[in-house]
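One point on numbering: in the numbering used here, the residue at position 24 of the sequence shown is 147, and numbering is uninterrupted.
Some hints here could point you the wrong way.
[Stated by the list, open to error] Pairs of lysine to aspartate or glutamate residues, derived as DMTMM-like cross-links and limited to a Cα-Cα distance of at most 20 Å, are as follows:
hint, residue 1, residue 2
1, 141, 167
2, 170, 152
3, 170, 147
Bear in mind the hints are in silico, worked out from the structure with no lab data behind them.
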Amino acid sequence: MGDSMVRATLADIAACFKLILGREPTPEEIGIHTKAHLGNDLADVLKSYLESDEFRSRKIVQIIRPQPDRMWTLTY
Numbered sequence: 124m125g126d127s128m129v130r131a132t133l134a135d136i137a138a139c140f141k142l143i144l145g146r147e148p149t150p151e152e153i154g155i156h157t158k159a160h161l162g163n164d165l166a167d168v169l170k171s172y173l174e175s176d177e178f179r180s181r182k183i184v185q186i187i188r189p190q191p192d193r194m195w196t197l198t199y
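Given the sequences, and given the hints that come with them, work out the whole structure.
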């Protein structure tokens with residue numbers, strides 16, 4: 124079996140800051156986070172940002188409510 128893991132790149136790490144934490148990283152953070160995450164499984168890297176204290180402090184809540192009037196039926 125081949126290795127199907129997607130490896131984190133520098134662009135992925137920068138995107139985690141921008142999209143998950145909502146800010147640009149400092150130069151010091153880029154160095155620390157690159158050393159910690161570069162080349163690791165991208166799913167694990169994403170999880171670490173989503174489980175961070177900083178992300179939790181953003182208090183982003185997504186509520187999904189069923190909306191039966193917005194359901195579609197696909198026919199072939």
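Results for each hint:
For the suggested pair residue 141 and residue 167, the alpha carbons sit about 17 Å apart, so the restraint of at most 20 Å is met. Between residue 170 and residue 152 the alpha-carbon distance is near 18 Å, which keeps this suggested pair within the 20 Å criterion. For the suggested pair residue 170 and residue 147, the alpha carbons sit about 18 Å apart, so the restraint of at most 20 Å is met.
This entry satisfies every hint, going by the numbered hints stated previously.
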